[in-house]
Amino acid sequence: MNRVDVREAITQAHHEEWARVVAALTRRFGDLDIAEEAAAEAFAAAVERWPADGVPPNPGAWLTTTANRKAIDRIRRENKRDDKQKEAQLVYDDDPPEPPDAIDDERLRLIFTCCHPALAMEARVALTLRMVGGLTVPEIARAFLVQEATMGRRITRAKAKIKAARIPYRVPSAEDLPARVSGVLAVLFLVFNEGYLATGPDTDPVRHDLTAEAIRLTRLIRALMPDDGEVAGLLALMLLTEARRTARVSAGGELVALDEQDRGAWDAALVAEGHRLVRERLAAGVAPGRYQILAAINAVHTSVRDVHDTDWSQVVALYDQLVRLDPSPIIALNRAVAVAELDGPEVALAAVDRLEDKLAGYHAYHATRADLLRRLGRSQESRAAYDKAIELAGNTAETAYLTRRRDQLG
Amino acid sequence: MQYLVSVIDDKTGSATPTEMAAIDVFNDRLQAEGHWVFAGGLASPSAATVIDNRGGEALFTDGPFLETKEYIAGFWIIEAPDLDMAHKLAAEGSKACNRKVEVRPFL
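Chains S and V, in that order, give the protein sequences. In this text, residue positions in the first sequence follow my numbering: the first is 328, and each later residue adds one. In this text, residue positions in the second sequence follow my numbering: the first is 2, and each later residue adds one.
Worth flagging that the hints you see were computed from the coordinates, not collected in a lab. Watch out, some of these pointers could steer you wrong.
[What the hints assert, rightly or not] For lysine to aspartate or glutamate, the following DMTMM-like pairs were computed, each having C-alpha atoms within a straight-line distance of at most 20 angstroms:
1. S:488 <-> V:25
2. V:89 <-> S:502
3. S:490 <-> V:103
4. V:89 <-> S:503
5. S:488 <-> V:11
6. S:490 <-> V:11
7. S:490 <-> V:80
8. V:96 <-> S:380
[Said to hold, decoys possible] A few chain S residues that face chain V, going by a derived Cβ cut-off under 10 angstroms, partial list only:
9. 443
10. 494
11. 495
12. 503
Just so it is clear, CB atoms sit at the ideal spot from N, CA and C, and this is done for glycine as well.
Just chain V, with the same shape it has in the complex (with noise of 0.2 angstroms):
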């Protein structure tokens, strides 16, 4: 089973050096456990751009399709038997990078 763990900001600029090196130490625990499948982090919101090709014609939107004061800065993808353990190993990466993080299942 695999999980969606996003990293929720609210302020811009990226991780401190303290907790790029608490997310390398989380990072190597999930390898080492078997737990990592993917993970990265984002640029800013205001760098994304919309692209809408539903009408035959590409319409591109330069920002976010949603603007909210809260956004996603990165994300984990993560391996986990059940949701105990993607809320243990969700929580482990909270302290790590020091921000909220939402926990969601792929289906």
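In isolation and in its complexed conformation, chain S is listed as follows (with noise of 0.2 angstroms):
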């Protein structure tokens, strides 16, 4: 086996295994701290010895057992945990989990210990990207553009009040489940939202690794709790926007908005897949969450070839759905979207206008604006708005583009 299969078959250890080992070791030796870094020593390890001892058979084992291997080498090495430090350990609940069919896997434990509402949400990402994950500090500060120490301390704190408070290492009772599976699918979201719409003047537009990561791990969730809608309709809805990935920034760097972008360069196979998912929430016939009827929402846009084809009407009754359940301003403006393309450009700003109270310092209320006026032929008005977007807009590839639309105004 030559180098690049044997680092191959590492990044692909680390991507499947890395969740599954430190969850092991968190349940067997009670503390976050020890399957971590155990967890890290047996890949460094894998690193060192697979080029020169070949791949093992089955990577998996391998790596839970020498992680194993580090922790009890590490916790004889300090040999001073005190009664106290052993009462410290993580509460494992052994029971089995109610109903008896109910879902039960190790890495489940993590994830909704690493997403707990006791923690702050910036924690729970960090976290989660690392425990879950298996980012390191490094990459995790720099998506978050933070200081790799201060990262460490977020990361380290959030660790000790797990322990400190005890936040249990199990899956929530069927009564509470709903809410913490909403709490885990909102850390993924702004996970896949950081890189889809990266924030920062020196940061590339799409981070990549970020959308394919929050990708990855609600694929993990998917597959640990296939019957949950809203867990399909966050993958759905993740899919159909990654499949737009490459269409929507131009090569100079700009946003190509979705009437613009080249449909013949989105991914066919995410979207196909995104589309499966959303026929398969419809047929189960249950009442959808918000992230199933955002994704409905993206599968209307993604059916199409031509945009002048787009069942707007079948966008906006979606929207009405949506704003049903989250009645936010946010999803009110882009409701008034589809409204311009169903009843006119009119209709919607007077339905955009009414927000200004509650969105006046966001970006796209702005953007929005700008472009029904443009379209409403109110060009100094437009333009004055889209000076404002620019102003607040965070993201390279949305300034680029806004400027352009401005100073195309007649």
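Please dock the two separately framed chains into a single complex, following the hints provided.
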């Protein structure tokens, strides 16, 4: 086996086995620190040994065994874990989950612990990427544009709180599950969006590493909870969004709006997979949650080859459904964009203007207004709205797009 | 595992009779289900004195150690197997006393 193959095998093992190794060690030793460190050491050992010894027939088993040994070494080495520290072990709930056929996978326990509502959102994101995703602290720090030391402290603090406050290592009870799953999905959606709409003046407009990681983790959760509609919905939403990634930014680094995208450049396989998930949820006949509705909206957009064939009444109907679930001004803004296509820019502008109080600081509010005013021939007002949008936008591709649209005004 | 559940208040004046009644019901439940350790209401922060005897001679300072808009008006110490249970109980406590609460684990 050549070097490239070994490197690929290690990368693949890291993707497939990291969370499993960390989760198994957390269960055995009741300590996230030990689990994380021993898993990292086991992968370092693989990098050192596999090129010479060859890739073991069962990489996962090799990694778990090696990590276990590293953890035991460390505990022996320290050998000063007094009773108090032993008491501080993670609370492991050995009761079988209810109902008896409910999901039980060590990795799910790990995910629910990392996404516990007692942790701040940014701590949940960091901890999930580290413990479940296997990203290194420098990688996570880079992804969120913070200093490595800051990110390291954030993760350390989160782990310390899990231990000190006794955040349990378990899948929540059936009664708490929907709320907790939606907390996990919020973490993954945030990671995805940070990749999709990366902010910062010197940042790539799309951070593929982050969108890919969010999709990978959502796929994992989907495999662990195949019957959960919102998990399927979020995965579909991510896939249908990711499918348009390359078409969404021009060679010159400018955002390409949905109506101007080269639809032939969309990733057909991702679109097909996303559509399959949306159809599966429709067939389930259960009232959809917000991710499922957002996925359905994206399915409508991605099901036609020509933007003029878009079924806007269907899009508006889905937004109406979404507004009932989530009456947030941002949803209302997106609904207005679809309304413009169905009922014309004047109707849409009236709806957008009603959102001023809540969205005056949001660049998309001004960008939407600018576009509607442009279509109504109100150039001067449109220009002012573009100026405001450019001032507020944080994504480099979006700024470039808005600037061009403004400069094209007559 | 024990948790301190502090009741956060920002107005003077103790609990209303309705709140007191709800707190009693909640306390009975804590005791019946084995979560009860201790609980009490506190006088307003203006009744506090800070004492510093680190220098050999005790210094007495009138008032709380921190002047804040919000302060601790009372507390429960509860026994719970983990934070999820502590959060559940604290949420019920918050409802009963009609105030925000803070959960903090004992070491």
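Given the hinted pair residue 490 (chain S) and residue 103 (chain V), is their alpha-carbon gap at most 20 angstroms? Measuring from Cα to Cα gives roughly 18 angstroms; hence the hint holds.
Would the pair residue 89 (chain V) and residue 502 (chain S) pass a check requiring their Cα atoms to be no farther apart than 20 angstroms? holds, 12 angstroms
Are residue 96 (chain V) and residue 380 (chain S) close enough, with their CA atoms no more than 20 angstroms apart? Measuring from Cα to Cα gives roughly 62 angstroms; hence the hint is violated.
Measure nothing beyond the straight line between the CA atoms of residue 488 (chain S) and residue 11 (chain V); if it is 20 angstroms or shorter, mark the hint as holding. violated, 27 angstroms
Assess, step by step, whether the Cα of residue 89 (chain V) is no farther than 20 angstroms from the Cα of residue 503 (chain S), and give holds or violated. Holds, at roughly 11 angstroms.
Would the stated hint for residue 495 (chain S) survive a check requiring a Cβ distance to chain V of less than 10 angstroms? holds, 4 angstroms
Satisfaction of hint between residue 25 (chain V) and residue 488 (chain S), Cα-Cα up to 20 angstroms: violated, 31 angstroms
Interface hint check: residue 443 (chain S), Cβ to nearest Cβ on chain V, cutoff 10 angstroms. Holds or violated? With a closest approach of 8 angstroms, the residue 443 (chain S) hint holds.
Can we keep the residue 503 (chain S) interface hint, with Cβ of chain V closer than 10 angstroms? holds, 8 angstroms
Grab the minimum C-beta distance from residue 494 (chain S) to chain V and call the hint holds if it beats 10 angstroms, violated otherwise. holds, 5 angstroms
Just to be careful, I want the Cα atoms of residue 490 (chain S) and residue 80 (chain V) compared with a cutoff of 20 angstroms; is the pair within it? Holds, at roughly 17 angstroms.
Starting from residue 490 (chain S), check that the Cα of residue 11 (chain V) is at most 20 angstroms away, please. violated, 31 angstroms
Of the numbered hints stated above, those contradicted by the structure are hints 1, 5, 6, 8, listed in ascending order.
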